[in-house]
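Peer 1: Sequence order for the protein chains is A and B. Sequential numbering from 72 applies to the first sequence in the numbering used here. Sequential numbering from 72 applies to the second sequence in the numbering used here.
A hint or two may mislead.
In this list, chains with the same sequence are indistinguishable; a pair is considered to hold if it fits within one copy or across any two.
Derived lysine-lysine pairs resembling BS3-like cross-links, with alpha carbons at most 30 Å apart [stated by the list, open to error]:
| id | residue 1 | residue 2 |
| --- | --- | --- |
| 1 | Lys-320 | Lys-275 |
| 2 | Lys-128 | Lys-371 |
| 3 | Lys-197 | Lys-356 |
| 4 | Lys-320 | Lys-152 |
| 5 | Lys-356 | Lys-275 |
| 6 | Lys-275 | Lys-115 |
| 7 | Lys-200 | Lys-115 |
| 8 | Lys-197 | Lys-152 |
| 9 | Lys-197 | Lys-371 |
| 10 | Lys-356 | Lys-395 |
| 11 | Lys-200 | Lys-152 |
| 12 | Lys-275 | Lys-152 |
Rather than coming from a laboratory, the hints here were simulated on the basis of the structure. As the structure is a computational prediction, the values presented were derived from the model and not from experiment.
Protein chains: 2
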Amino acid sequence: MTQSSARKTVQTDKPPSAHVLKLPLEHARAEREPHSYERWLVAKLMRMAGSPPIRFKLWNGDVIEPEQQPAEFTLHLSDPKALYSLVANPNLAFGDLYAAGRLDVDGHLPDLMEILYRSVHQARQKWPKWLDALWRNHNPRSTGLSEARENIHHHYDLGNAFYRLWLDRAEMQYTCAYYESPDLTLEQAQLAKLEHVCRKLRLKPGMTVVEAGCGWGGLARYMARHYGVTVYAYNISREQLAYARETAKAQGLERQIHYIEDDYRNITGQYDAFVSVGMLEHVGKENYPVLSDLIRRSLKPHGLALLHSIGRNRPMLMNAWIEKRIFPGAYPPSIGEFMEICELGDFSVLDVENLRLHYAQTLSHWLERFEAHGAEIADMYDDHFVRAWRMYLAGSIAAFRAGSLQLFQVVFSHGDNNELPQNRRDLYQTPAAPEEH
Amino acid sequence: MTQSSARKTVQTDKPPSAHVLKLPLEHARAEREPHSYERWLVAKLMRMAGSPPIRFKLWNGDVIEPEQQPAEFTLHLSDPKALYSLVANPNLAFGDLYAAGRLDVDGHLPDLMEILYRSVHQARQKWPKWLDALWRNHNPRSTGLSEARENIHHHYDLGNAFYRLWLDRAEMQYTCAYYESPDLTLEQAQLAKLEHVCRKLRLKPGMTVVEAGCGWGGLARYMARHYGVTVYAYNISREQLAYARETAKAQGLERQIHYIEDDYRNITGQYDAFVSVGMLEHVGKENYPVLSDLIRRSLKPHGLALLHSIGRNRPMLMNAWIEKRIFPGAYPPSIGEFMEICELGDFSVLDVENLRLHYAQTLSHWLERFEAHGAEIADMYDDHFVRAWRMYLAGSIAAFRAGSLQLFQVVFSHGDNNELPQNRRDLYQTPAAPEEH
Numbered sequence: 072m073t074q075s076s077a078r079k080t081v082q083t084d085k086p087p088s089a090h091v092l093k094l095p096l097e098h099a100r101a102e103r104e105p106h107s108y109e110r111w112l113v114a115k116l117m118r119m120a121g122s123p124p125i126r127f128k129l130w131n132g133d134v135i136e137p138e139q140q141p142a143e144f145t146l147h148l149s150d151p152k153a154l155y156s157l158v159a160n161p162n163l164a165f166g167d168l169y170a171a172g173r174l175d176v177d178g179h180l181p182d183l184m185e186i187l188y189r190s191v192h193q194a195r196q197k198w199p200k201w202l203d204a205l206w207r208n209h210n211p212r213s214t215g216l217s218e219a220r221e222n223i224h225h226h227y228d229l230g231n232a233f234y235r236l237w238l239d240r241a242e243m244q245y246t247c248a249y250y251e252s253p254d255l256t257l258e259q260a261q262l263a264k265l266e267h268v269c270r271k272l273r274l275k276p277g278m279t280v281v282e283a284g285c286g287w288g289g290l291a292r293y294m295a296r297h298y299g300v301t302v303y304a305y306n307i308s309r310e311q312l313a314y315a316r317e318t319a320k321a322q323g324l325e326r327q328i329h330y331i332e333d334d335y336r337n338i339t340g341q342y343d344a345f346v347s348v349g350m351l352e353h354v355g356k357e358n359y360p361v362l363s364d365l366i367r368r369s370l371k372p373h374g375l376a377l378l379h380s381i382g383r384n385r386p387m388l389m390n391a392w393i394e395k396r397i398f399p400g401a402y403p404p405s406i407g408e409f410m411e412i413c414e415l416g417d418f419s420v421l422d423v424e425n426l427r428l429h430y431a432q433t434l435s436h437w438l439e440r441f442e443a444h445g446a447e448i449a450d451m452y453d454d455h456f457v458r459a460w461r462m463y464l465a466g467s468i469a470a471f472r473a474g475s476l477q478l479f480q481v482v483f484s485h486g487d488n489n490e491l492p493q494n495r496r497d498l499y500q501t502p503a504a505p506e507e508h
Numbered sequence: 072m073t074q075s076s077a078r079k080t081v082q083t084d085k086p087p088s089a090h091v092l093k094l095p096l097e098h099a100r101a102e103r104e105p106h107s108y109e110r111w112l113v114a115k116l117m118r119m120a121g122s123p124p125i126r127f128k129l130w131n132g133d134v135i136e137p138e139q140q141p142a143e144f145t146l147h148l149s150d151p152k153a154l155y156s157l158v159a160n161p162n163l164a165f166g167d168l169y170a171a172g173r174l175d176v177d178g179h180l181p182d183l184m185e186i187l188y189r190s191v192h193q194a195r196q197k198w199p200k201w202l203d204a205l206w207r208n209h210n211p212r213s214t215g216l217s218e219a220r221e222n223i224h225h226h227y228d229l230g231n232a233f234y235r236l237w238l239d240r241a242e243m244q245y246t247c248a249y250y251e252s253p254d255l256t257l258e259q260a261q262l263a264k265l266e267h268v269c270r271k272l273r274l275k276p277g278m279t280v281v282e283a284g285c286g287w288g289g290l291a292r293y294m295a296r297h298y299g300v301t302v303y304a305y306n307i308s309r310e311q312l313a314y315a316r317e318t319a320k321a322q323g324l325e326r327q328i329h330y331i332e333d334d335y336r337n338i339t340g341q342y343d344a345f346v347s348v349g350m351l352e353h354v355g356k357e358n359y360p361v362l363s364d365l366i367r368r369s370l371k372p373h374g375l376a377l378l379h380s381i382g383r384n385r386p387m388l389m390n391a392w393i394e395k396r397i398f399p400g401a402y403p404p405s406i407g408e409f410m411e412i413c414e415l416g417d418f419s420v421l422d423v424e425n426l427r428l429h430y431a432q433t434l435s436h437w438l439e440r441f442e443a444h445g446a447e448i449a450d451m452y453d454d455h456f457v458r459a460w461r462m463y464l465a466g467s468i469a470a471f472r473a474g475s476l477q478l479f480q481v482v483f484s485h486g487d488n489n490e491l492p493q494n495r496r497d498l499y500q501t502p503a504a505p506e507e508h
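Next up, chain A with everything else stripped away, as it sits in the complex (with noise of 0.2 Å):
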C-alpha cells in the first residue's frame, strides 16, 4: 500500500494526532545546572517508586544512580520542567513526556516498564496518604451513549491502513491471542482465540449469534465460515465496521453475517449465544446492569454467552495516561466486578480462563511489527503518534508481565439451564490452531 492510500484511509472528522496528544507542557530543553533539590526530588522519586535498578541522566548531563542496586536502565530527562511534571504527577507525565522526546530510555522498554510496575506495585503499600491521593489515577471519563462513540472514534477510527501494519494478517484481530503453543505466529494464535471462543460457545451450524463490539469483524466471519451460524455483530466504529463489511462480501459471507453499526445497548432479539471480545473493557462499570439485563434478555434459554476483555486481579482504575491518550472511558474490572455482571443477571459461570500472558505475547508480536513499519506510520501521523504509541505497546506487554492486568474469558448461561456440557474435555480433543497460515 502506498503512503497516498494510507493518509487518504485516516481522513476521518478529527486529525487523530491532534486528539490522541494532547501535551500539556512545552519542549523546553534546558542547559542549566541543576539545583541540589532537583537532584533531591530525582533520589526521592525513585524512593518512592520502590528504588527500581535506573540511573537518570539529567538535562545537563549529570547523572544520578539508583540507591539500592546497580542500574539497569537509563532514564533521560530534558528539562527541569519535564522532572517536575514526573513528581507532581507520574502516571500521565511519564507517557506524555516520553511521547514528546522529553523523556527517554536506554534499554528495552517493556523490560523497563515491567520493572517499574512491579517495584511500584510493592511500594505503593508504603506511600503516605497524601502521595497516593496525589499519584492516584482518576475515574475514567462517562460511556454514556454519545460519549461512547466519542470513546471508541478517538481510539478505533485511526484508520484501517494504520492497524492492517501491525495487526494479524489472518483476521485483523484487535484482542488477545490464544498461543496454544508459545511458537505459533501471530496469525496463527490469532485464528486459535477464534476457534477457542467458537469451541467454548459450542457453535453448532444453524445457530444464531449476537456479538456486541465487532471490531473489524473477523470473528463474525470465522464463525459463519467454520460453524456454518447466523451472526448479528454490532459496532459503532464505522472504520471497522467499513472493512468488516466489505471483507464479508469477498468472502461471500454477506448473508450470514449482519454488521449493524450501533452501541451493544440497543441489541434486540434472541439468540443461541452471546458474544463479546474486547468491548467490555470500555463499557465502564455503571453500565453492567445494563449489559448483564441485556444479556439475560437476549439469550435463549439453552443459550450460551462469553466475555472475553482485559481484567485486574482487584479493583483500580485505569493508569491516567492510558484513559487520556490511549483508550477514554476504558475501565477493566477486577474479577470480583466481572462476577457481578453474571451475579446481576442470575447467570450460572460455568469456566474461566486467565490468558494474561497470551496477551503480552500478542502485545509483543505487535510491536515488533509496529517498529518494523516505524518510519511508514511516523509519515502517516508523526514522531509524536509513533513515541506514544510505543509507550502504549510497551507498557502493556509490561502491565500484562507483571500481573497488573489480566485477561478472563468467562463462559456463563442463564441460572436455570441443564444442557450444558458435559466437561471442557470437547475443547482440547484437536489443536486449536492451523498448522501453518
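Place chain B on chain A using the hints.
Peer 2: Positioned in the frame of chain A, the structure of chain B alone reads:
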C-alpha cells in the same frame, strides 16, 4: 461389618440422632375436619410457592388440587399443626416435618424438590416484603475456632461406619465427583475428581502440598501415591483422621503424609501447592480475610492453589433446615464472594470450572446406596435420622439441578507469578478416570 461394630464406631460425646433432629413439635395425628381457613392457607401457601403441580392430602383425607396444572406429586400432611408450622417457616418446617413423618411425599423426592426449588425461585421475586422477611433464612452460626470444632463434629463425626455404607469404596470422598463421561461409576468419578484436581495443581514428584480440610484423607493419599508429593493434611474431625491415618499406614504412605488434627487457621510453613476440597462451605464469610491471608502466607512464589466448594450464582443464605439440622455454620459463597478471597490476597485467578450437574449425579449415586442400606442405617440410628438424611440428599440433588447451588473449582496463583501453565490442554490429554474400579 456387623451392626454392633458399627454402633461402636459412632460412639461420640453426643448421641448423633439427638443433635441431628431437634423436632420443634410433638407428633399429633388428627382426624378432625379441616377448617375452611386451613384449606385457604394451603391454597395460599401453594400460590406463594409459585403454584407448582403438587396436590395436598390433609389429615382427614381431604384433597386440595393445584390451581394451574394437573398434580404430579402428592404431599400428605398428618395434622393441623404441621400445616401451621409449614406456613410460619417453610424452609425449616418442610425438612423437620418430613423427618418426623408428619409430612410425606408420593413421587420421586428429588424431582418434587427440584420442582419446588424452581417454582419458589421464580415466585419469591413477587413476594411482599413482610413475607420475604417472615420466610427468610438466617445468618449461619459462628465459625470461630471452638464453634468450628462443634460444627464439624456434628456432621463429620457421625461415624465412619455410616459414611462407608454409601460413599465410594475407592477413597471415601464426601465431595462432588467428576463425571468425565456420564456413565462412570461413583468410584470412577471420584477417582477422576482426584486426578483432575492433581492435574490442575500441576503436581510434580518431590513437591510439598498443604491440604485444608482433608476429610478421610483420600486426596492426600492419591497425591502421595500417584504424584510422589509430600502432603500436610489438616482436619478437625477426629473420626475422619483416625480412618485417614490407619489407611495411609496400611498403604505404606505414612512417611509421605502428615495428617494433622488442627484448624486450617493454624497452618504454618510454605508449600508448592495449597488445596482444599469441600471445606470453604464451612469456613464462613467472616473468615475469608483470614483464609486469604493464610493461603498468601503458605503458598510459595510459584505455587498454585485450588479451592473446591459449593457456591451460589448470587449471595444467598443457606437453607434454614440444612444449616440447623445438617451443616451448622455452613455458608456457600456466591461466585463474587468466592472471588473476594482471591482479591483480598492479590491472587490471580487462573481457572474456574463449575461442576454443578456433577454434584447432582454424585448425590444421586449416594442416595441410591443410602436407600439400599436404609434398614441398616435405621438400626444404627433411627427412622428420624434416615428420613432426615433422605431429605438432605434428595434436597441437595434438587438444589444442584435447579441451579440453586453450584460447585466451583477455582485455581489461582500469586499475582506476580509468571511460571504458569501455557494453557489447560494438559488437563485433557488422557482420561482422568480409571477404566474400571
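Peer 1: As a check of your reading, is Lys-200 near Lys-115 (CA-CA no more than 30 Å) within one copy, between copies, both or neither?
Peer 2: within (16 Å within a copy, 58 Å between copies)
Peer 1: When no copy is named, should Lys-320 and Lys-275 be tagged within, between, both, or neither for a Cα gap of at most 30 Å?
Peer 2: within (22 Å within a copy, 52 Å between copies)
Peer 1: Are the CA atoms of Lys-200 and Lys-152 at most 30 Å apart within a copy, between copies, both, or neither?
Peer 2: within (25 Å within a copy, 62 Å between copies)
Peer 1: If the cut is 30 Å between Cα atoms, do Lys-197 and Lys-356 qualify within a copy, between copies, both or neither?
Peer 2: both (28 Å within a copy, 28 Å between copies)
Peer 1: Pop the pair Lys-197 and Lys-152 into one bin, within, between, both or neither, using alpha-carbon distances up to 30 Å.
Peer 2: within (27 Å within a copy, 63 Å between copies)
Peer 1: How would you classify Lys-320 and Lys-152 at a CA-CA limit of 30 Å: within, between, both, or neither?
Peer 2: neither (53 Å within a copy, 72 Å between copies)
Peer 1: Classify it for me, Lys-356 with Lys-395: is the Cα-Cα distance of at most 30 Å met within a copy, between copies, both or neither?
Peer 2: within (17 Å within a copy, 38 Å between copies)
Peer 1: Using 30 Å as the alpha carbon limit, work out where Lys-197 and Lys-371 are close: within a copy, between copies, both or neither.
Peer 2: Between. Shortest inter-copy distance 23 Å satisfies the 30 Å Cα cut-off; intra-copy 50 Å does not.
Peer 1: At most 30 Å between CA atoms: does that hold for Lys-128 and Lys-371 within a copy, between copies, both, or neither?
Peer 2: neither (61 Å within a copy, 38 Å between copies)
Peer 1: If the cutoff is 30 Å on CA atoms, where do Lys-275 and Lys-115 land: within, between, both or neither? Let me know, please.
Peer 2: Intra 60 Å, inter 45 Å, cutoff 30 Å: neither.
Peer 1: At most 30 Å between CA atoms: does that hold for Lys-356 and Lys-275 within a copy, between copies, both, or neither?
Peer 2: neither (33 Å within a copy, 41 Å between copies)
Peer 1: Is it within a copy, between copies, both, or neither that the alpha carbon of Lys-275 lies no farther than 30 Å from that of Lys-152?
Peer 2: neither (60 Å within a copy, 55 Å between copies)
Violated hints for the displayed structure, listed by number in ascending order: 2, 4, 5, 6 and 12.
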